[in-house]
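Engineer: One-letter residues, chain by chain:
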Amino acid sequence: MRRPFLSAALIAASLFLAVPAGAVPPGVGECMDCHGDKTIEMSLPGGQTVSLYIDLQAYRSSVHGGGSCVTCHADASAPHEKLKKVSCDKCHGDAGKSYAGSAHGKLRAKGITDVPGCDGCHGKHDIRRPKDPVARTFRLNIAATCLRCHKDRALEPRYQHLPDQKLLAAYEQSVHGMASKKSGLLGSAVCVDCHGNHAILPGDQPRSATHRQKIPTMCGKCHPGILDQYERSVHGKGMRAGIAESPVCTDCHGEHTIAKIGDPSSSVSPRNIPKTCSGCHDEEGISTRYALPKKRFSSYMDSFHGIAVEYGMTKAANCSSCHGVHDILPSSDPASTVHKANIPKTCGKCHPNAGPNFAKGAVHVEVSPKKAMGVFAVRLFYTIFITALVILFVLHVGLDLYGRWDRKRSGAPGGKERKP
Amino acid sequence: MSRADLAAGKVIRMSLPFRVQHLLLAILLTVLAVTGFALMYHENSLAQWLIRMEGGVHNRGIVHRIAAVLLMANLVHHVFYMLFSREGKPELRQLFITKRDIDDFLQSLRYNLGTATEYPPFGRYGYKEKFQYWGAAAGIVLISLTGLMLWGEEFSMRLFPKFVLDLAIIIHGYQGLLAFLVLFLWHLYNVHLHPSVFPMNPSWITGKVSVEWLREEHPLEYEKLKEEGVL
Numbered sequence: 122m123r124r125p126f127l128s129a130a131l132i133a134a135s136l137f138l139a140v141p142a143g144a145v146p147p148g149v150g151e152c153m154d155c156h157g158d159k160t161i162e163m164s165l166p167g168g169q170t171v172s173l174y175i176d177l178q179a180y181r182s183s184v185h186g187g188g189s190c191v192t193c194h195a196d197a198s199a200p201h202e203k204l205k206k207v208s209c210d211k212c213h214g215d216a217g218k219s220y221a222g223s224a225h226g227k228l229r230a231k232g233i234t235d236v237p238g239c240d241g242c243h244g245k246h247d248i249r250r251p252k253d254p255v256a257r258t259f260r261l262n263i264a265a266t267c268l269r270c271h272k273d274r275a276l277e278p279r280y281q282h283l284p285d286q287k288l289l290a291a292y293e294q295s296v297h298g299m300a301s302k303k304s305g306l307l308g309s310a311v312c313v314d315c316h317g318n319h320a321i322l323p324g325d326q327p328r329s330a331t332h333r334q335k336i337p338t339m340c341g342k343c344h345p346g347i348l349d350q351y352e353r354s355v356h357g358k359g360m361r362a363g364i365a366e367s368p369v370c371t372d373c374h375g376e377h378t379i380a381k382i383g384d385p386s387s388s389v390s391p392r393n394i395p396k397t398c399s400g401c402h403d404e405e406g407i408s409t410r411y412a413l414p415k416k417r418f419s420s421y422m423d424s425f426h427g428i429a430v431e432y433g434m435t436k437a438a439n440c441s442s443c444h445g446v447h448d449i450l451p452s453s454d455p456a457s458t459v460h461k462a463n464i465p466k467t468c469g470k471c472h473p474n475a476g477p478n479f480a481k482g483a484v485h486v487e488v489s490p491k492k493a494m495g496v497f498a499v500r501l502f503y504t505i506f507i508t509a510l511v512i513l514f515v516l517h518v519g520l521d522l523y524g525r526w527d528r529k530r531s532g533a534p535g536g537k538e539r540k541p
Numbered sequence: 000m001s002r003a004d005l006a007a008g009k010v011i012r013m014s015l016p017f018r019v020q021h022l023l024l025a026i027l028l029t030v031l032a033v034t035g036f037a038l039m040y041h042e043n044s045l046a047q048w049l050i051r052m053e054g055g056v057h058n059r060g061i062v063h064r065i066a067a068v069l070l071m072a073n074l075v076h077h078v079f080y081m082l083f084s085r086e087g088k089p090e091l092r093q094l095f096i097t098k099r100d101i102d103d104f105l106q107s108l109r110y111n112l113g114t115a116t117e118y119p120p121f122g123r124y125g126y127k128e129k130f131q132y133w134g135a136a137a138g139i140v141l142i143s144l145t146g147l148m149l150w151g152e153e154f155s156m157r158l159f160p161k162f163v164l165d166l167a168i169i170i171h172g173y174q175g176l177l178a179f180l181v182l183f184l185w186h187l188y189n190v191h192l193h194p195s196v197f198p199m200n201p202s203w204i205t206g207k208v209s210v211e212w213l214r215e216e217h218p219l220e221y222e223k224l225k226e227e228g229v230l
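As given, the protein sequences belong to chains P and W, one line each in that order.
In this text, residue positions in the first sequence follow the working numbering: the first is 122, and each later residue adds one.
In this text, residue positions in the second sequence follow the working numbering: the first is 0, and each later residue adds one.
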């Protein structure tokens, strides 16, 4: 449908352009007289050569394929010397402006050439619309496009603040990476969904799309139900109140490495969740600053739940089984799953007959006189009792042996010298 | 006691029913200790290895519970045997701790220190055996009760608040440790390493001890058997 229209337009255009004589810009056909030759090359000062061949077919199928070479190469004549750099800004001003403020754009403005310009991601003569499945910027191809540079380990030492290459490559194995690469799902997050495209900036800059404060909203674009729960949780409220230490999505789930809960490598898998939560909750500074209860990790790991999970019995309760996931609330909140009044119901998820007695006593048993006097006293009693008993045994045995040795030394017949 | 035994200078000290009970007790306590301590000291690398050998934390629990049920059955059988059987009733009577045992204990200390001239003569059971017996009995009862509470935790918590179960788990573990240490330091010394029996008192397998050993270690029992005309 498009082709007849394009050809008609071309014919019309060539008719109009052909009339006024003078500096006639070359048509595509004239350019192809030279650039259609597969052997055409240019020598660089370093001795390498660059092919100047243009694949006409690829150009004609590109989004710009209906135009003419001179639209971008305005200074071209036939034949010509080295042409000026092509600027896309003339037509794509907004993208150009965004790009200029990006990490890539700023470096390029400094004259560094191995960061991508427009062509780095979009290509040159073969640019396609992002909706076109063969476009470099098609959703399913974006990861490959970005990783072409960001997987290159040689790049890492050259630029400071560049994230770990391994981490970036891990995206391909992540739940998002697998969904787009393996399952071919368009809805899965690709690089640009989180980082933005032209205006891409490192996460530590406030204007970056991946800045901490923006992460929940960013993930919420695709996970709105979860965002809604998170906003009402103690973590979400803390984050919105500007507490930088309050966790955002990536603190628990990771970034490029995000995996399904069922994946053993996931930071939120039943086995890893205690470690993930205690990254903050076992941290002296954080628990002191926000008056959080202490020893949550060790008291859990010493409980039967903790031991069972540690040894792979993942149906045993982990942190989130009781405290919730995105909707975590402090136990003082009556809506919290671990509020005293709700404990029987929460325990009842796994222990069907749980009654009010489940709430009488601490779940995280912290053995100290203040927190669990009974357990502390019984343990102290046994420790003293066992120690004393062992000492008495050893003394008794020692005395027994000493008596024998003493009698033997003093000439008595060995053993017990009892009169018959 | 057969003539052949007497001719060989042997006398029966543990009858077959007691040997079976004792052997079961020894095997079951070992299984319970290995599976129990693996859980109690789960941070220790040896314990972690044990849990893996036991087929993970879930299978470990199954093995522990099977052994526990058998041990409790053994205990119940023993109680009935001691209370009602012809052999058990007089045994039980001789196991009661009396003031005499305390005096014996003190005298043995004085004797070894060199301030008493005579070692206390024991009957069928001396203070060492009686202490061992009642200590083990009390320990097994306590550890069985707390173990049952923990096994049926949902049922237990219908009756008791959670902190009672916290106590139960501590008592269960430490009582196990206590039993283990008593067996290793006290019982194994008395029946293996003690100079009068080294390397082993064979009665737990053969049921028999030498008449000579009986005369040395349990002289009152020896004299009683003589009076009864058994020897």
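What the hints contain is simulated information worked out from the structure, not anything from laboratory work.
Keep in mind that a hint or two might mislead.
[Said to hold, decoys possible] Computed cross-link-like contacts, PhoX-like style, restricted to lysine-lysine with a CA-CA straight-line distance of at most 20 angstroms: (1) 129(W) with 491(P); (2) 381(P) with 302(P); (3) 129(W) with 466(P); (4) 287(P) with 272(P); (5) 396(P) with 436(P); (6) 252(P) with 272(P); (7) 416(P) with 491(P); (8) 161(W) with 481(P); (9) 492(P) with 161(W); (10) 461(P) with 161(W); (11) 225(W) with 161(W); (12) 396(P) with 381(P); (13) 470(P) with 129(W); (14) 381(P) with 436(P).
Engineer: Hints first: check each against the structure and report whether it holds.
Structural biologist: Verification of the hints:
no.	hint	in the structure
1	129(W) with 491(P)	violated (40 angstroms)
2	381(P) with 302(P)	holds (16 angstroms)
3	129(W) with 466(P)	violated (50 angstroms)
4	287(P) with 272(P)	holds (7 angstroms)
5	396(P) with 436(P)	holds (17 angstroms)
6	252(P) with 272(P)	violated (25 angstroms)
7	416(P) with 491(P)	holds (14 angstroms)
8	161(W) with 481(P)	holds (5 angstroms)
9	492(P) with 161(W)	holds (14 angstroms)
10	461(P) with 161(W)	holds (13 angstroms)
11	225(W) with 161(W)	violated (58 angstroms)
12	396(P) with 381(P)	holds (17 angstroms)
13	470(P) with 129(W)	violated (49 angstroms)
14	381(P) with 436(P)	holds (17 angstroms)
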